[in-house]
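*Asks:* Same order as they appear, the protein sequences are chains B and U. Counting with the working numbering, you get residues 1 to 64 for the letters of the first sequence. Counting with the working numbering, you get residues 1001 to 1134 for the letters of the second sequence.
I should point out that these hints are in silico values taken from the structure, not numbers from a laboratory. For clarity, every value in this text was computed on a predicted model and none was experimentally measured. Errors might be hidden in some of the hints.
Keeping only pairs whose Cα atoms sit at most 30 Å apart, straight-line, the calculated DSS-like set for lysine-lysine is [said to hold, decoys possible]:
#, chain 1, residue 1, chain 2, residue 2
1, U, Lys1116, U, Lys1003
2, U, Lys1077, U, Lys1116
3, U, Lys1116, U, Lys1002
4, U, Lys1003, U, Lys1077
5, U, Lys1002, U, Lys1077
6, U, Lys1070, B, Lys18
7, U, Lys1003, U, Lys1070
8, U, Lys1116, B, Lys18
9, B, Lys18, U, Lys1003
10, B, Lys18, U, Lys1077
11, U, Lys1002, U, Lys1070
12, U, Lys1070, U, Lys1116
Chain by chain, the residues run as shown.
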Amino acid sequence: MTPARQSPNHELNNLLCKIIGSAELALLRVTDSEARMELEAIIDLAETAASVVARRAPLSPWNG
Amino acid sequence: MKKQSILLIDDDIEMLRRLTEVFLAADFAVHAAPDGLVGLRRFEMSPPDVVVTDILMPEREGLETIMAMKQARPAVKIIAMSGGGRIAAGDFLKLASALGADAVIAKPFRLADLLKLVEQILAPEGSGDVGRAA
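Can you make the complete structure from the sequences, with help from the hints?
*Replies:* This is how it looks when you write it as structure tokens:
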């Protein structure tokens, strides 16, 4: 299998996407309000991290 | 009522699992593929209503996959996932058009936003605003 050519930005964005997705899927199952707040905080933090990634190393979305 | 079907293509198996889980929870008939080559085979065997594909993948890249699918079935709706970072709102249409996709969503995104985008893109013409950004 040919390895995909991922830049560091892609790797970070993929990881952040999985963190956000995991927290969202957990939110579908968790009913405890404190746990839900923690999960929402994780999503917010991951989105903040994504903004930092974009600001530090802006990359054109045109290359995938 | 027949379930709407979705083909998910991503070489990142963990991501594919999350995508599969959210669309199963939303009552879609889900087909998943770990690369564009397998995705294209599944597309030919069982044409879905909508395809969500990563752009950068091994074996057969997302762009080739999108082109082949659009050539085979021009009416199929395709959403491309871009890993290149957040995109300015005005660039979505331009990027989608350049990729041959109907819409683009930039990683990292919320699964809820992707689900909303898929539902918008599958909505009958005139039944709502089809967002292209996320």
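*Asks:* Of the numbered hints stated earlier in the document, which are not met by this structure?
*Replies:* Violated: none.
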